[in-house]
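> Line by line, the protein sequences are chains A and B. Each number in my numbering comes from the position in the first sequence (counting from 1) with 537 added on. For the second sequence, counting from 1, position 19 maps to 15 in my numbering; every step adds exactly one.
There may be inaccurate statements among the hints.
[Said to hold, decoys possible] Dumping the calculated SDA-like pairs for lysine to any residue here, alpha-carbon to alpha-carbon at most 25 Å: (1) Lys734(A) x Leu148(B); (2) Lys734(A) x Ala0(B); (3) Lys748(A) x Met147(B); (4) Lys138(B) x Leu553(A); (5) Lys82(B) x Ile811(A); (6) Lys539(A) x Thr96(B); (7) Lys748(A) x Thr67(B); (8) Lys82(B) x Gln540(A); (9) Lys748(A) x Asp64(B); (10) Lys82(B) x Leu736(A); (11) Lys734(A) x Leu761(A); (12) Lys539(A) x Glu70(B); (13) Lys734(A) x Leu559(A); (14) Lys813(A) x Glu158(B); (15) Lys138(B) x Pro662(A); (16) Lys539(A) x Leu50(B); (17) Lys748(A) x His150(B); (18) Lys813(A) x Arg897(A); (19) Lys734(A) x Tyr176(B); (20) Lys748(A) x Phe143(B); (21) Lys869(A) x Ser786(A); (22) Lys539(A) x Thr126(B); (23) Lys582(A) x Gly608(A); (24) Lys734(A) x Arg216(B); (25) Lys82(B) x Val817(A); (26) Lys82(B) x Pro749(A); (27) Lys643(A) x Gln602(A); (28) Lys539(A) x Met147(B); (29) Lys138(B) x His190(B); (30) Lys539(A) x Asp88(B); (31) Lys864(A) x Trp877(A); (32) Lys748(A) x His149(B); (33) Lys138(B) x Met552(A); (34) Lys82(B) x Glu735(A); (35) Lys704(A) x Pro662(A); (36) Lys82(B) x Phe549(A).
Keep in mind the hints are simulated off the structure, nothing from the lab. If you're wondering where the values come from, they're calculated on a predicted model, not measured in any experiment.
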Amino acid sequence: MKQFTAFVVKEFRHMLRDRKTLMILIGMPIAQILIFGFALSNEVKDARILVVDHARDATSAQLVQRISQSGFFSVIPGVHDEHDVENAFRRSEANLVLVIPADLNKRMVRQEHTTLQVIADASDPNHATTLVAYLSAVIGNQARSTLVHQRPPITTQVRMLYNPQLKGAPNFVPGVMALVLMLVCVMMTSIAIVREKELGTLEVLLTSPVKPLVLIASKVVPYLVLSVCNIGSIVLLSTFVLGLPVQGSHVLLFALSTLFILTSLALGILVSTIAKTQAVAMLMSLMGMLLPTLLFSGFMFPIENMPWPLQVLSNAIPANWYYRIVKAVMVKGLGIESIWKETLILGGMTLFFVVVSIRRFKVRLS
Amino acid sequence: MTSAAIYVENLFKRFGKFTAVDSISFDVQRGEIFGFLGANGAGKTTAMRILCGLLAPTSGKAVVAGYDVSTQVEQVKRNIGYMSQKFSLYEDLTVFENITFYGGIYGLTTNQLAEQRSELIERLSLQSETHSLVRSLPLGWKQKLAFSVAMLHHPQIVFLDEPTGGVDPVTRRNFWDMIYDAADRGTTIFVTTHYMDEAEYCNRVSIMVDGRIAALGRPRDLKTNAGVATMDEVFYQLAREAKRGAE
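Next up, chain A with everything else stripped away, as it sits in the complex (with noise of 0.2 Å):
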């Protein structure tokens, strides 16, 4: 006990010196939250849209006017013909053109079939989908209001569940929670260990009656404090800044979470048993832990969009379940009863990870 003690006050004062990988550490988090939540934003919100109007009456006055009032579009003021299409998509003045035809009115009052042309800059395809879309929807919208008397036959009601606004944080949070836990501890932790291979200092206590448990306990142990401290911030971000706050229990966020990072260590600790230098264990970190967790962690890309080899394959990223888990109980509010499953496999997972690393661990020294 007295020598984990001594190990853990050292591997605290190792952190707390290198004040800058410290603030890094700390700060992550809060700038990834910050960045995702209001820079990097897939909500439509004030784009701009030049209007080609050619029939400049009362009733194309009215679409222009339903267009700007829907809080997703900024109507590029002033009258514009075709030539200027051209000119505002190179300059990026624009990402979206309406161009309306002179006989909107006279067509619409005879109830003849008009066609409205949208020019959307592709250059990014994601984008201008969503862009064409919510344009469709509100000029939709309009031609069904003017349709007093006569209701098409069949309408849609869509409900949004768990996230009525289509707010991007509920799908990112979880998505950073997962991808700061994984760099904070597989990085550090390996780079941790591997440091002290590189410094010689491994062999000294190697040689001490230390036991190879205490030293690798001891290495996590302050990763383990700075990331449950990184899911604090996080939440706190989340619930008082980005507005969303944890609809299930917090305990069982927190505890869940816990696991993931005592996963994630044992994986650090997998990394240093092989590589031999602390720029490979970065290496490895990075390339081999922190891209398969964006990539199939389902955060950023659709896992249901994959070809199938990769589909089964997501499912052997720890990052994935924890994502599922976080998700249901920050977003959906659901309790320990509905993820058991997801539970079960990521704690299974951890126990994987625990006991091969610390074998791995223990080989390499005899």
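Following the hints, position chain B against chain A.
Chain B in isolation, oriented as in the chain A frame:
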């Protein structure tokens, strides 16, 4: 024979097809300064690692401080100190913190630790540097501190793996004064070195060639037997017969 600090009989270590240590036998008496020489790749590091309990021997027997290294690793480790050729203190911790940490892992009580720590700091005249980071100390001081820390728990035997690599001659001389001091107080010193002048400081030396001990004895006797004037020449004569290249 069990009264010897280190007793080695037919110690053998093989990695796959490669025989690193080929049936070596020797013993080291208590309080002796034993030089363990050999060219790079001769097998001295492997032998030393076995004696420190870092590696298990393939066969043969080694008793260190009265305990068998194959079966009583724990007790062996409790009774030895080790200083590696790489600098073995933490540069980002202070002198005080380094001593406290190593005291802690050897299970010194708080009182023992406080006593040892102040005595050590005084002996090395490090009072003004107690709370400086080890990084800021000159290399010579670091080496002395590392040696003292390896001796913190009063081990019976201390293993020094090329302790003076890259250190200037004056500091090396000072360092050897510390080794003599420790030996006078009854500690057995087991030291590897590539400096042949340091070999002369040892009570006895062994020279390893291709995993075997090619010569063992007092430096004076080795020189006489070989009919040469310096340890350098003794070493050269033996090492050039080596068939194994340096790693």
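> State the violated hints by number, sorted upward, taking the hints as numbered earlier in the document.
Result: hints 2, 15, 19, 24 break, sorted rising.
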